[in-house]
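J.: Okay, here's what each chain looks like letter by letter:
4 protein chains.
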Amino acid sequence: MEPKIRDLRNEIDALNLEILEKLSQRAAIAESIGELQTAAGASHYDPVREAEMLEALTAANDGPFDDATVKSLFKQIFQASMHLENEADKKSYLTSRRADGEDTVVRVRDVPIGGENAPVLIAGPCAIESREQVTATADKLAGVGVSLLRGGAYKPRTDPYSFQGLGVEGLELGRAAADAHGMGFVAEIMDARDLPAFEAHVDMLQIGARNMQNFTLLKAVGQSRTPVLLKRGLSATIQEWVMAAEYLLHEGNTNVVLCERGIRTYEPSTRNTLDLSAVALAKQETHLPVVVDVTHSGGRRDLLTPLTKAALAVGADGIMLEVHPNPAVALSDQKQQIDFETLDAYLEATGYAKALSRERHEVYGF
Amino acid sequence: MEPKIRDLRNEIDALNLEILEKLSQRAAIAESIGELQTAAGASHYDPVREAEMLEALTAANDGPFDDATVKSLFKQIFQASMHLENEADKKSYLTSRRADGEDTVVRVRDVPIGGENAPVLIAGPCAIESREQVTATADKLAGVGVSLLRGGAYKPRTDPYSFQGLGVEGLELGRAAADAHGMGFVAEIMDARDLPAFEAHVDMLQIGARNMQNFTLLKAVGQSRTPVLLKRGLSATIQEWVMAAEYLLHEGNTNVVLCERGIRTYEPSTRNTLDLSAVALAKQETHLPVVVDVTHSGGRRDLLTPLTKAALAVGADGIMLEVHPNPAVALSDQKQQIDFETLDAYLEATGYAKALSRERHEVYGF
Amino acid sequence: MEPKIRDLRNEIDALNLEILEKLSQRAAIAESIGELQTAAGASHYDPVREAEMLEALTAANDGPFDDATVKSLFKQIFQASMHLENEADKKSYLTSRRADGEDTVVRVRDVPIGGENAPVLIAGPCAIESREQVTATADKLAGVGVSLLRGGAYKPRTDPYSFQGLGVEGLELGRAAADAHGMGFVAEIMDARDLPAFEAHVDMLQIGARNMQNFTLLKAVGQSRTPVLLKRGLSATIQEWVMAAEYLLHEGNTNVVLCERGIRTYEPSTRNTLDLSAVALAKQETHLPVVVDVTHSGGRRDLLTPLTKAALAVGADGIMLEVHPNPAVALSDQKQQIDFETLDAYLEATGYAKALSRERHEVYGF
Amino acid sequence: MEPKIRDLRNEIDALNLEILEKLSQRAAIAESIGELQTAAGASHYDPVREAEMLEALTAANDGPFDDATVKSLFKQIFQASMHLENEADKKSYLTSRRADGEDTVVRVRDVPIGGENAPVLIAGPCAIESREQVTATADKLAGVGVSLLRGGAYKPRTDPYSFQGLGVEGLELGRAAADAHGMGFVAEIMDARDLPAFEAHVDMLQIGARNMQNFTLLKAVGQSRTPVLLKRGLSATIQEWVMAAEYLLHEGNTNVVLCERGIRTYEPSTRNTLDLSAVALAKQETHLPVVVDVTHSGGRRDLLTPLTKAALAVGADGIMLEVHPNPAVALSDQKQQIDFETLDAYLEATGYAKALSRERHEVYGF
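Residue numbers (our numbering), protein chains in the order written: chain W, 1 to 366; chain S, 1 to 366; chain F, 1 to 366; chain R, 1 to 366.
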């Protein structure tokens, strides 16, 4: 390398350290301001102040950077400082994985989800259609060791003329079917005004994909202490999904289980595209349990077994699955619910037959 | 062509007509069944009956089609018959374009949207932040001929710690600012329980993209008679969007304006991808007015003018636009709201300066 | 049920069987025509003939179906018939899973991919940058039991001013590094004209995502007998991906391994969205081996281990992984290549440390 | 505001200016280094040097920023400096809109595309199927004032068993049909080896969506001087599309017209989603003409007119359209090509009937 370049690089090295020093001084002062603001109950973000600083800087700028570059560099510096201030407030998100790395375990009735517990299986019909249907399903599921029964009483349907669920009667039927076997009962809530009825009947409140950013519902359910299963929205980013969980925790409900159910893409072979990277990232960046709805993600019976294996291997804390005594006559999701015989084969093929009675590490070694 | 093939083709031709005759007979009988079912209040769809018919057919099938093909062909036939039955019920969707081809015109206060009316402009800040801010905006907008003021009082925010709107106070401030100039006031409703407060203050209820499939909210707003602006969901299909409008009409509220606001795609240069085909299709397949939110679709100030031109050319009945006295200090959407000076340039460049005072056909000739 | 309805349903049942009989007769005649056409070297699809038949049918149609429905139903019938004719030709796709259910095993040098063989690991730098770099990598990989070395000599780069690869020199360096350990060498080919040079140096030709529908390249590579690794396109459907493989098999190259590498979606946390349903479906619907590129799918080092576990659990026949002696100074993909130390941890965490020396079923039990 | 905060803010203001001064000094030195590197033919990007600087900085870092933040801030600074160096090289992209704001006008035979010229119409069959077909189409098109004939001789087909085009014979037929009316002829090239044949027969080389990142083809076509129509890839970002054009310009072919043709999204109602924001951005950020393929974007005849209006309103320099004497019997794209009668209606409805004989500004006023 040319000596000339070497000399110039030495000058750069010295300047780097001087810039670092100034940046650190600036950050320390910003921290002090942040503390005063927190004490006064004020926000750290003051766009007018930012605008003034940027104006002063571009007024003073003689190049060689153009003003846009100067603004951009200083915005990075402002943000880094504000990040420090926010951290100082310990206002880091309640959903964020904590320093101790501990996983939250959510208990639905007496069933633990998350942590080192064996992966859970939440199963049942898409919609509760009759006493016979839900009872037969619960009997079957209890028989094979499943302890959480799902079943919709209020159904979000694209078409207003489709079957909308049995309502409170559905909740009562589900509760009775679960109680016959001491199972936990999970059902989707769509309206904050129904919360008392749900709290009286269910052990876990499901928030569906279409309501993931129904902030009104999130705030109401956040005030409950009943565990929540929060599905990822049809095309929600991972960040948006975690922020929806943050609404629940912020309101005080810490019993939150995330549920990946596939995202909307261009691929026509599957109803949705299961995003297992999202499961890995949600596990990594939050302390919450994550389960995978294998029924809605693929929308195909022939994918239930491979997707279950993959979901458990990636680290999911459980699986959600639609089971119906006679899928061909179901009032919804005819094509993707499985019958009891198929369920038996599924439990065998996925290793769940064993998992439902043993510890996680015994079954899924690696 | 070989004579042998010609003979065989003649046989096929004869069989085609025989099949058609049988299909028509079958359809006529199915219609009669449909009428009896309708009289008895029963659904036309009976999956058990379908399953039995398919079983009988595959039992009788000796080839050359395999059973799967036989099932598939007959399912098409069943569906075609059921479609006839449904049509006979005149249960065609309330949103569907009617035979007369007439467009619905929705009146917000005294401002007509749709049909042959000049394209409307709905403008105002993302969120109402203070009396000064919304008053200044309304003054400006009224001055340039805009008659519909938008402004959020309840804001759907991804992050629970972001500014969530002023609530009822925001509604009051918006109402007052609009009243000062006889403008209509449009604000987003997020919770069915807030409907009375909204009905007391706004002239048009906005349902946001995140709530497009909040069926609880749709049903509540459908019971109102206040006009509704229904945004397309982040990744809703056109069909789902129209079905969401169907919920509103089904409940009795016929004053529905659809609003395209871009869909979520992989493209990073724009916040969303404006889907103008959806505007053309919504205009073609429904009788409802359609407006385009050019602020959220592109998420970029430099696209407001070209996207507005394109939206009006494709047939949109109006534009929604975010305007703020000082976007740099806005509490939300800093990057995409425009200031008053930019608004003037926009009105000139898009032809709106003229359009706001004249008939549609005078301004947009083709 | 009303007796009237029961009677009408009996009539329907009888008509169903009559329609089936006519359809079967029609299909048998169509098969005869198909045989004559095949003998004459003619295509089965004759759009003019189809148009004439549809015209005759709609001319004869007196309802109750409207003409569009009649056309649609008969198009289904035509297609079912043509499908029969095509099957009779045994022109079913060469990629389709055969009746015997047997998996194709592709041998790269002496390394078998697919079937019951232990999952393979194909690893190496994104681009071959120097003799030192590729030699160090091959030494390391051979040391831990990896037998297939990857490394790009021609790089598809979005920007024409980015590093484009060393060309033939890169092929020579890769070959030498692989030979030192008896490894197989895999490199991406971008131009049909380079085929002789590749055949002289590599053991497996990679077709990259951007070239998945470069039909010219597919045809050329199909004429080779060197094994091919065919990546799924950035936003290719599973069907398109399999059809791209069909081009290769159709030209005579049966040594094809499919490679899923994530698809383009709206999600910003990952470079692409790994679609493991596609792996399950490709395994189910074709007889070809399928491997997963975990480097490009997530684009994040922290996802390599969980995505590998999931890919193997879903049934992938191997993994592709980018490894570089010093990723920070790599000329491409700095953020996603891993160094040697991280490789060791990865092999341990994924179970590959064991898998590289044992049979598949020994390692991945379920 | 508390006096304490005011004092601290003054300190921050002073530090801001000091940091700016240091940054400017650093940038000036970096520029000098850049000049020396350019003189020596060396790249400005030296990852090893960057890694060393970052190491020195984190070694010196005593907080309050953590090391990751320090690295991130300095990477921004490095990049801003390198950007300056690259600009100094005047290596700004050849496709970028120049300071003078002038539009490039590409001439295909004697037809100008771009700038202030009336929007062009490029029309013709998807594939050239026979002399009769292409001659009839050219006769019709010439009769209504269209001067550019399109028609495929080599067709990119997903399925290897689909019609692949007539090859050189197709080029000859298209050339003859165009010559009969003095029209320009546009056809898609798929293989660099076919370039001589294309240069002998066509006036404009089309690069199809599936080949947009076939860099081999881009480089070959870039060496030609025949005008190029470069379609956007199925799911290419705007940036990737422009970079593909940069390959062409970099090789010396400046006669490049960009063609938007819709992107792949989840929406099933349209074959692709037309992205008119991309047209606006391509016009804004490059100096190249941009046309819109309305046939492939919607994939529906009923959208051709509204999408054409929108495309022209957003600023497109022309439209590409598939026309066929009898679409029902076409060998490809049966559902989206239009017949001659529909063409007449289209020309009238879109204003093209007038536009084909007049200046742009006369027809499209705003």
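Quick caveat, the hints were computed from the structure, so don't treat them as lab data. Just so you know, these numbers come straight off a predicted model, no measurement behind them. Just so you know, not all the hints are guaranteed correct.
Copies of the same chain look alike in the list, so a pair counts if it fits in one copy or across any two.
[Stated by the list, open to error] Derived SDA-like pairs (lysine to any residue); straight-line CA-CA distance at most 25 Å:
#, residue 1, residue 2
1, 354, 28
2, 4, 74
3, 75, 8
4, 4, 111
5, 354, 341
J.: Decide, hint by hint, whether the structure agrees.
T.: Here is how each hint holds up against the structure:
1. 354 <-> 28: neither (56 Å within a copy, 50 Å between copies)
2. 4 <-> 74: Between copies only: 23 Å across chains, 30 Å inside a chain, cut-off 25 Å.
3. 75 <-> 8: between (28 Å within a copy, 19 Å between copies)
4. 4 <-> 111: neither (70 Å within a copy, 53 Å between copies)
5. 354 <-> 341: within (17 Å within a copy, 36 Å between copies)
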